[in-house]
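A.B. asks: Residue numbers (numbering that gives the first Met the number 0), protein chains in the order written: chain A, 0 to 303; chain B, 0 to 303.
Everything labelled a hint here was simulated from the structure, so no lab data went into it. Careful, some of the hints might be misleading.
Since the list gives no way to pick one copy over another, a pair counts as held whenever it fits inside one copy or between any two copies.
[Claimed, not checked] Simulated crosslink set (DSS-like; lysine-lysine; CA at most 27 Å straight-line):
hint, residue 1, residue 2
1, Lys141, Lys108
2, Lys111, Lys141
3, Lys100, Lys111
4, Lys108, Lys154
There are 2 protein chains.
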Amino acid sequence: MEPFEIHILGCGSALPATRHNASSQVIKIGNKQFMIDCGEGTQLQLRRGHIHFSFINHIFISHLHGDHCFGLIGLISTFGLLGRTAPLHIYADVMLEKIMKPQVEFYCKDLKYPLFFHNIDATKHAVIYEDNTITVETLPLKHRIPCCGFLFKEKLKRRHLLGDVANFYGIPAYMRQAIKDGADFTTQSGEVIPNSRLTRNADPSRSYAYCSDTLPCPANNEYIKEVDLLYHEATFAESEKERAKLTFHSTARQAADIAKEAYAKRLVIGHYSSRYEDEELLLQEAKEVFPNTQCANEGEVFHI
Amino acid sequence: MEPFEIHILGCGSALPATRHNASSQVIKIGNKQFMIDCGEGTQLQLRRGHIHFSFINHIFISHLHGDHCFGLIGLISTFGLLGRTAPLHIYADVMLEKIMKPQVEFYCKDLKYPLFFHNIDATKHAVIYEDNTITVETLPLKHRIPCCGFLFKEKLKRRHLLGDVANFYGIPAYMRQAIKDGADFTTQSGEVIPNSRLTRNADPSRSYAYCSDTLPCPANNEYIKEVDLLYHEATFAESEKERAKLTFHSTARQAADIAKEAYAKRLVIGHYSSRYEDEELLLQEAKEVFPNTQCANEGEVFHI
Numbered sequence: 000m001e002p003f004e005i006h007i008l009g010c011g012s013a014l015p016a017t018r019h020n021a022s023s024q025v026i027k028i029g030n031k032q033f034m035i036d037c038g039e040g041t042q043l044q045l046r047r048g049h050i051h052f053s054f055i056n057h058i059f060i061s062h063l064h065g066d067h068c069f070g071l072i073g074l075i076s077t078f079g080l081l082g083r084t085a086p087l088h089i090y091a092d093v094m095l096e097k098i099m100k101p102q103v104e105f106y107c108k109d110l111k112y113p114l115f116f117h118n119i120d121a122t123k124h125a126v127i128y129e130d131n132t133i134t135v136e137t138l139p140l141k142h143r144i145p146c147c148g149f150l151f152k153e154k155l156k157r158r159h160l161l162g163d164v165a166n167f168y169g170i171p172a173y174m175r176q177a178i179k180d181g182a183d184f185t186t187q188s189g190e191v192i193p194n195s196r197l198t199r200n201a202d203p204s205r206s207y208a209y210c211s212d213t214l215p216c217p218a219n220n221e222y223i224k225e226v227d228l229l230y231h232e233a234t235f236a237e238s239e240k241e242r243a244k245l246t247f248h249s250t251a252r253q254a255a256d257i258a259k260e261a262y263a264k265r266l267v268i269g270h271y272s273s274r275y276e277d278e279e280l281l282l283q284e285a286k287e288v289f290p291n292t293q294c295a296n297e298g299e300v301f302h303i
Numbered sequence: 000m001e002p003f004e005i006h007i008l009g010c011g012s013a014l015p016a017t018r019h020n021a022s023s024q025v026i027k028i029g030n031k032q033f034m035i036d037c038g039e040g041t042q043l044q045l046r047r048g049h050i051h052f053s054f055i056n057h058i059f060i061s062h063l064h065g066d067h068c069f070g071l072i073g074l075i076s077t078f079g080l081l082g083r084t085a086p087l088h089i090y091a092d093v094m095l096e097k098i099m100k101p102q103v104e105f106y107c108k109d110l111k112y113p114l115f116f117h118n119i120d121a122t123k124h125a126v127i128y129e130d131n132t133i134t135v136e137t138l139p140l141k142h143r144i145p146c147c148g149f150l151f152k153e154k155l156k157r158r159h160l161l162g163d164v165a166n167f168y169g170i171p172a173y174m175r176q177a178i179k180d181g182a183d184f185t186t187q188s189g190e191v192i193p194n195s196r197l198t199r200n201a202d203p204s205r206s207y208a209y210c211s212d213t214l215p216c217p218a219n220n221e222y223i224k225e226v227d228l229l230y231h232e233a234t235f236a237e238s239e240k241e242r243a244k245l246t247f248h249s250t251a252r253q254a255a256d257i258a259k260e261a262y263a264k265r266l267v268i269g270h271y272s273s274r275y276e277d278e279e280l281l282l283q284e285a286k287e288v289f290p291n292t293q294c295a296n297e298g299e300v301f302h303i
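Construct the complete structure from the given sequences, taking the supplied hints into account.
C.D. replies: Put into structure tokens, the structure is as follows:
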């Protein structure tokens with residue numbers, strides 16, 4: 000199967016800490032690369048992770064708190080210094096373009112590539128990106144300012160044509176796509192070979208959901224049902240549940256509740272408050288509810 | 000003597016590299032802390048260096064290239080999150096305030112501290128900051144956009160009153176400042192005690208000059224003459240002299256020429272191009288001209 004990888008560039012929260020960077024991830028699906036959030040220092044993390052700058056064409060910003068977008072102007076500038084020519088698309092709340100306008104005018108007037116801002120309505124569940132193999136949907140979240148998660152889903156894939164059987168029946172090249180889509184094959188003598196003898200099952204269509212920063216939002220469970228991997232913020236431990244509520248964040252246990260209720264296959268937690276020396280407590284609390292939980296860490300790659 | 004320290008937070012150049020951060024330094028003089036430049040990631044470097052955020056009240060920005068100022072908005076926001084109430088003063092080209100205006104309006108409307116932008120005219124040598132013990136002067140530099148260096152100078156200090164002698168003559172407290180300033184003392188019996196018997200020499204007034212990014216500017220030598228420590232950019236090795244000229248940067252040897260011609264006591268080079276695996280070549284080339292040269296590195300502290 001083609002790669003479907005989540006590269007963690009940063010999984011800390013708002014206050015700078017020595018152990019974690021501000022939020023950012025790169026999602027590699029096949030030969031495409033997408034970025035989610037772009038906190039300060041993201042370009043340095045790309046370098047450290049040996050991730051190709053030039054393959055990133057789409058950046059999705061969950062919300063406009065600084066720890067999720069202050070790295071954008073540096074990245075945009077660096078793309079320019081590196082001689083980029085491919086268009087760059089940024090998906091974010093409508094305010095981002097306004098906030099960045101004078102910066103973009105000052106720093107980007109000599110850019111050799113077009114820069115597009117696409118407005119996201121964080122209150123609605125909608126498909127905001129689609130290509131031949133994947134879709135990206137927004138997941139409305141509950142934070143202090145407009146905020147949404149993102150659901151990356153592979154489209155249904157074609158069945159695998161069995162090479163030896165295809166050769167045996169002499170199936171011509173022009174018919175093979177139709178057979179991968181489920182068609183039977185009729186030989187020159189009129190014999191109908193059912194598709195099930197010509198193909199094997201398609202690879203499963205994989206999915207990844209990113210939910211940060213938010214109060215628990217069970218309303219999204221219908222969209223993320225049986226998701227292969229759920230990244231959910233877990234800013235606080237259970238002892239800080241009240242603080243989580245006040246600041247519109249989740250505890251690790253609440254993240255695990257969402258994973259359990261949505262029948263997610265795996266949970267990765269992140270966006271840790273800088274008050275925690277390590278994430279052991281958060282991991283334990285999540286695992287009590289949802290055992291298949293892991294902690295995100297800078298430089299780590301999760302394969303789906 | 001009170002501390003006079005240069006804390007290197009970042010000494011790389013424009014392109015992100017794994018070994019160096021974007022430009023920033025903290026200058027500690029006595030109990031005061033000043034920041035020069037604030038590239039992306041500066042607040043993380045402050046954390047790593049265990050430098051108190053709250054003691055920084057004045058930030059001097061040499062020019063508006065991103066690797067010297069993209070960390071500002073993050074630092075300003077973090078000051079707010081940390082509950083800062085003391086005013087913050089930023090000294091920079093007039094364009095900075097304009098570029099940052101919508102960001103400041105969006106992110107800083109709830110700040111509990113006043114934020115002041117002070118415009119610098121980078122073409123002029125001028126005192127832009129002064130308090131009871133130090134002055135900061137601009138050093139006009141030659142870069143692709145308006146750019147200046149900064150000269151930190153301690154004012155002339157008072158002489159040290161010799162405690163035992165002062166007690167012997169019963170010098171009252173209210174006269175001691177005048178004696179530290181050079182006055183003689185007349186006893187009740189009319190005997191004049193010359194100042195030289197009451198005091199010893201004042202500590203020397205120390206100085207630090209920061210020159211980045213620039214073509215060599217010998218015109219500043221008169222201002223930085225005999226400076227205790229000169230930080231000068233050395234983006235390139237001598238083999239890239241033409242490229243240095245084209246991009247308005249200096250080679251390590253040119254930095255050393257300036258140090259030598261200005262009779263600087265020590266030279267620290269920095270702002271290394273990311274093309275160099277290490278700085279050995281740059282250091283060698285500088286030392287051939289000016290032996291008392293050191294390389295800046297993140298986390299390093301230079302004591303004056």
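A.B. asks: State for each hint whether it applies.
C.D. replies: Outcome of the hint check:
When the C-alpha separation of Lys141 and Lys108 is checked against a cutoff of 27 Å, the pair qualifies only between copies, where the shortest distance is 22 Å, while the shortest distance within a copy is 36 Å. For the homomeric pair Lys111 and Lys141, the shortest alpha-carbon distance between copies (26 Å) is at most 27 Å, but the shortest distance inside one copy (38 Å) is not. Taking the shortest Cα distances, Lys100 and Lys111 sit within 27 Å of each other both inside one copy (17 Å) and across copies (26 Å). For a Cα distance limit of 27 Å, the shortest separation of Lys108 from Lys154 qualifies neither inside one copy, at 38 Å, nor across copies, at 43 Å.
Violated hint for the displayed structure: number 4, the only one.
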